[in-house]
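Protein chains in written order, with the working numbering: chain A, 1 to 577; chain B, 1 to 577.
Don't read these hints as lab results, they were simulated from the structure.
Predicted, not measured: the structure shown is a model, and the values here were computed from it.
All C-beta atoms, glycine included, are put in the ideal place defined by N, C-alpha and C.
The reader is advised that the hints may include incorrect statements.
With the Cβ distance kept under 10 Å, some of the chain A side facing chain B (calculated, not the full set) [as the list claims (entries may be wrong)]: (1) Tyr173; (2) Tyr185; (3) Val209; (4) Pro422.
Protein chains: 2
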Amino acid sequence: MLRTKNCGELRKENVGETVALCGWVSKVRNLGALVFIDLRDRYGVTQLSLTPEMYEKYHLRSEYCLRVEGEVILRSSPNKEMDTGEIEIDVKDINVFSSSANPPFIIADKTDALEDTRLKMRYLDLRRPILQKNLQIRAKTVSSMREYLEENGFLEIETPTLIKSTPEGARDYLVPSRLKPGTFYALPQSPQIYKQLLMIAGMDKYYQVARCYRDEDLRADRQPEFTQIDVEMSFVEREDVLLVIQGMLKKAFKDVLNVDLKDFARLTYAECISKYGSDKPDLRYTLYLHDLDEIFKNSTFALFNNVHIKGFKVDGYAEHCSRKMQDEDARLLSDYHLHAPLYIKKLNGELTGSVIKNLSQEEIDSLVKEFELKDNDVLVLDFNSDYENLSLGLGALRKTYASRANLIDENVYEPLFVLDWPIFGRENGEIVSLSNPFTRPKDEHVKYLYEDPTKALSYAYDTVINGIELSSGSLRIYDAKVQERIFELLNLSEEEIKAKFGFFVDALKYGTPPHGGFAFGLDRLVMIFAHTDNIREVIAFPKNLQAACPMAQAPSKVDDSALKILHIKTVDEEKDE
Amino acid sequence: MLRTKNCGELRKENVGETVALCGWVSKVRNLGALVFIDLRDRYGVTQLSLTPEMYEKYHLRSEYCLRVEGEVILRSSPNKEMDTGEIEIDVKDINVFSSSANPPFIIADKTDALEDTRLKMRYLDLRRPILQKNLQIRAKTVSSMREYLEENGFLEIETPTLIKSTPEGARDYLVPSRLKPGTFYALPQSPQIYKQLLMIAGMDKYYQVARCYRDEDLRADRQPEFTQIDVEMSFVEREDVLLVIQGMLKKAFKDVLNVDLKDFARLTYAECISKYGSDKPDLRYTLYLHDLDEIFKNSTFALFNNVHIKGFKVDGYAEHCSRKMQDEDARLLSDYHLHAPLYIKKLNGELTGSVIKNLSQEEIDSLVKEFELKDNDVLVLDFNSDYENLSLGLGALRKTYASRANLIDENVYEPLFVLDWPIFGRENGEIVSLSNPFTRPKDEHVKYLYEDPTKALSYAYDTVINGIELSSGSLRIYDAKVQERIFELLNLSEEEIKAKFGFFVDALKYGTPPHGGFAFGLDRLVMIFAHTDNIREVIAFPKNLQAACPMAQAPSKVDDSALKILHIKTVDEEKDE
Chain A
1 MLRTKNCGEL
11 RKENVGETVA
21 LCGWVSKVRN
31 LGALVFIDLR
41 DRYGVTQLSL
51 TPEMYEKYHL
61 RSEYCLRVEG
71 EVILRSSPNK
81 EMDTGEIEID
91 VKDINVFSSS
101 ANPPFIIADK
111 TDALEDTRLK
121 MRYLDLRRPI
131 LQKNLQIRAK
141 TVSSMREYLE
151 ENGFLEIETP
161 TLIKSTPEGA
171 RDYLVPSRLK
181 PGTFYALPQS
191 PQIYKQLLMI
201 AGMDKYYQVA
211 RCYRDEDLRA
221 DRQPEFTQID
231 VEMSFVERED
241 VLLVIQGMLK
251 KAFKDVLNVD
261 LKDFARLTYA
271 ECISKYGSDK
281 PDLRYTLYLH
291 DLDEIFKNST
301 FALFNNVHIK
311 GFKVDGYAEH
321 CSRKMQDEDA
331 RLLSDYHLHA
341 PLYIKKLNGE
351 LTGSVIKNLS
361 QEEIDSLVKE
371 FELKDNDVLV
381 LDFNSDYENL
391 SLGLGALRKT
401 YASRANLIDE
411 NVYEPLFVLD
421 WPIFGRENGE
431 IVSLSNPFTR
441 PKDEHVKYLY
451 EDPTKALSYA
461 YDTVINGIEL
471 SSGSLRIYDA
481 KVQERIFELL
491 NLSEEEIKAK
501 FGFFVDALKY
511 GTPPHGGFAF
521 GLDRLVMIFA
531 HTDNIREVIA
541 FPKNLQAACP
551 MAQAPSKVDD
561 SALKILHIKT
571 VDEEKDE
Chain B
1 MLRTKNCGEL
11 RKENVGETVA
21 LCGWVSKVRN
31 LGALVFIDLR
41 DRYGVTQLSL
51 TPEMYEKYHL
61 RSEYCLRVEG
71 EVILRSSPNK
81 EMDTGEIEID
91 VKDINVFSSS
101 ANPPFIIADK
111 TDALEDTRLK
121 MRYLDLRRPI
131 LQKNLQIRAK
141 TVSSMREYLE
151 ENGFLEIETP
161 TLIKSTPEGA
171 RDYLVPSRLK
181 PGTFYALPQS
191 PQIYKQLLMI
201 AGMDKYYQVA
211 RCYRDEDLRA
221 DRQPEFTQID
231 VEMSFVERED
241 VLLVIQGMLK
251 KAFKDVLNVD
261 LKDFARLTYA
271 ECISKYGSDK
281 PDLRYTLYLH
291 DLDEIFKNST
301 FALFNNVHIK
311 GFKVDGYAEH
321 CSRKMQDEDA
331 RLLSDYHLHA
341 PLYIKKLNGE
351 LTGSVIKNLS
361 QEEIDSLVKE
371 FELKDNDVLV
381 LDFNSDYENL
391 SLGLGALRKT
401 YASRANLIDE
411 NVYEPLFVLD
421 WPIFGRENGE
431 IVSLSNPFTR
441 PKDEHVKYLY
451 EDPTKALSYA
461 YDTVINGIEL
471 SSGSLRIYDA
481 KVQERIFELL
491 NLSEEEIKAK
501 FGFFVDALKY
511 GTPPHGGFAF
521 GLDRLVMIFA
531 HTDNIREVIA
541 FPKNLQAACP
551 MAQAPSKVDD
561 SALKILHIKT
571 VDEEKDE
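Bound conformation, chain A alone:
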């Protein structure tokens, strides 16, 4: 190595040593009689002390890449903010590996540049310590999870990424075939079918850190290519899989954040909807939703007839709950086609709220008792004939109030398994699928597939931390009869089954083991660890919201000759329509 030490490791104990460091000029302070330079590498920053003659001789400027040799000396005024703040290097010799043009933005955590400028020169952007740290967190996260899986007997097996296009789900990215004119490969949206085939193949325990692709319109937290930690195992019950998920996450939180994650809470999907109004509830705060139908079952208030009524209480918030907030609440709930909320406040021992006059004393007493209403508490109520919709609307409002009332502790992690998901729902009277067709119904619910499919719950499970869905998965169907019934309920003909699931359904006929698995969205997990809401801050070379790379200028036009050998041509949209 051209260096003997890195820029993050020298301490008081090294004083007197002669060392060689390599790195980039991060900051220059020219005091006239002496020049101080901060030298930066992946590991940290070390202060160099140079004579003005040396500084001028080498024309040192920002982002020049250097090697220096010198002696480690004590600083006269230590910098306690820096790991290496007790020492500096008395530079004896400098070798400039390469000079640098003037960077168009500041290479520091706080930068002034637009994101597209930063993405265009990502190689400079990535020199910022915050991004260096994020990529290290990402590497550490994957490494920790691999370690857990390999210690537990999982084999990493690579599945193909040039696969058959299926008409299901999100749009596939397509890849024209040169050797077979007129045909296309697809890039995988997930390795789902392949990992199930590996279980049928007897591989027993599989994992893969898998690149996946979805040609969807991008949102802030989506990328056209993304990474999934994908796991599947045979001869398991649900509990076996949950313990693997919990074990992986506990280890990752410990390894990356040094946080001891507690055992995961468990709630059914129905409980989540009822109590939190969300299928990924944030357990860091209470504000539980209460079902109030029982209290108002004999209500004379017209709006409360033939509807469900729910509400939550915000402790000590009555005085803060302003007219303006209530207007915002109404707007939020209108997205759910819900009536504006009704408020009941207890202020100076008095209950106030426009709804009060419509309620009986018994109803009011029951409400106060139900919520243990204290002075300065506020109740937020709403009603709707659709129970789930009412719950989801109030769930969204619950989040809003948690944040308004400052109830969210950013340093607390509340992990949760959401269990017992419905397999089918009903839309306009029609049965619709709510899960992939291979999700296994609970044994005791298989009968509902023949009686009332919407009552059938599955062995599916999501992992949620602080309201963020981190993984989802399920046990899979391995019984051909159950599989047939599911297809029947989906109104699939044999031809359609063949076209949609073809070789996979064939494979199921050859001794399929009971199996199940899950997949983690790596980007999202790293975003939690890195405390960022921007997915592009945890990916080395991300695409922008137009699915383009401003640096490499991808996608781009290619030569017609390249298209010709692929047997395709581009179509001018206007002319074609």
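Following the hints, position chain B against chain A.
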């Protein structure tokens, strides 16, 4: 877990235990009074002992997937070939998870099926113990290399796979963009540019197990998508990188094969050509090529005028070197446009061979001395005006004789670094590039870039084991002046540089560190570990030689509507031409 033990772990010590095993029916032996079943999983095979009643009750057939409970008992006649051969399970209870259709080929290491049939039902093919073992070797190999790299401070960083198409090298796979009509992404042939950008970004030590793509006509050892263990590091000299390669491979050989690999031999490219006639010589046997120009410099033999003359000796092989072999030799060398070899044999103390009569006694004596010719040795000689071509031809013949004379020990591993590669060659008087344009010339050879570029050697290095190239890499240019000179020698205009290397050349202007790296072909390494010549035996779901997947039927036709939103259409070749 539905099992308490797996099918590979029970021993004499477990006798008396009640266990539950899960697996597939591999073999049934019905002895009338008793039925023996081999139950197979990823971990091994365990013998079950059943009553005929149980066997019939469950209709057990090949590849049925079961759970059994029973007692571990001693076998009356142990099977020493099996790890579990001392015991069997006295089955008390059976649960058939799923039955199996009759597999169309035998699920055993020796199978009768054609490869395309096996690929079509790969989920059954992968149940064969040999393939289960190969995938485990593959997982172990990657895991070992990751461990080495992470212990040595390398960060795994993912680079994008939807990138810009470049007109260089092999053909790119293209991916049409939906959001930007008429444009395409390319799938990467390697992460080369991105890993160099990561060094410019200061990431210091990078690795990635990277999926790469080449749309080339397939050979037996090629796949359209393949996996590369890709490494790059900053502030290094060549020796630093070589030690990482050596360290990784030593650890992998130990972890996977329990082989202690010796320190790697080092030869220059020139030495390899001269002594072995190959840029990836197999060091497991001698048969060194000797340069004989000096001996024949005054030869009166017309064929030996104005040519280079080389040869090798095969010890004790004179009697075996038949007419038929010599015909084969001539055919092989004609591929190199070389004259059929000349043979000199020593048999019963006499030298024989048609060429003898053309040689002087002094030349003959020198030859005998040069090769230390003993009784029953044979010399194989040839000549050509092109030294490299002559060497390569004889190098190919050397391999043939090593195999004929049975000189190759399959259990020996001879690792080698090939160093000092030429950067430029000459073809029809024109200077042509022999390496990628970012390969760094040796410091003391930079001057040749201005005098005679074909004399300039680089800091490139290949790793070769037993004649197989496992990795290649180099230090990279970080000096803008050297880079400019290389482009000049390649006759690239500024516009061409911009079009071909664009943003990467810009990036080089911002303080590029000295850096270098390498990439391992994972498939090839696993082929060595698995002792197979067939790349499809070390990949879970490979493509066939038509780049197609017979199982998933990929590539396939897609709906016109899917093409329409991608702004492309397929072109009927006949009509279009």
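For each hint, the structure was consulted:
Among the interface hints, the one on Tyr173 (chain A) holds; its C-beta lies about 5 Å from the nearest C-beta in chain B, closer than the 10 Å criterion. The beta carbon of Tyr185 (chain A) comes within 5 Å of a beta carbon in chain B, closer than 10 Å, and the hint placing it at the interface holds. Annotation: Val209 (chain A) was flagged as interfacial toward chain B, and the flag holds, the nearest CB pair being 8 Å apart, inside 10 Å. For Pro422 (chain A), the suggested interface contact is broken, since its CB lies about 25 Å from the closest CB of chain B, more than 10 Å.
Of the numbered hints given earlier, the model fails hint 4 alone.
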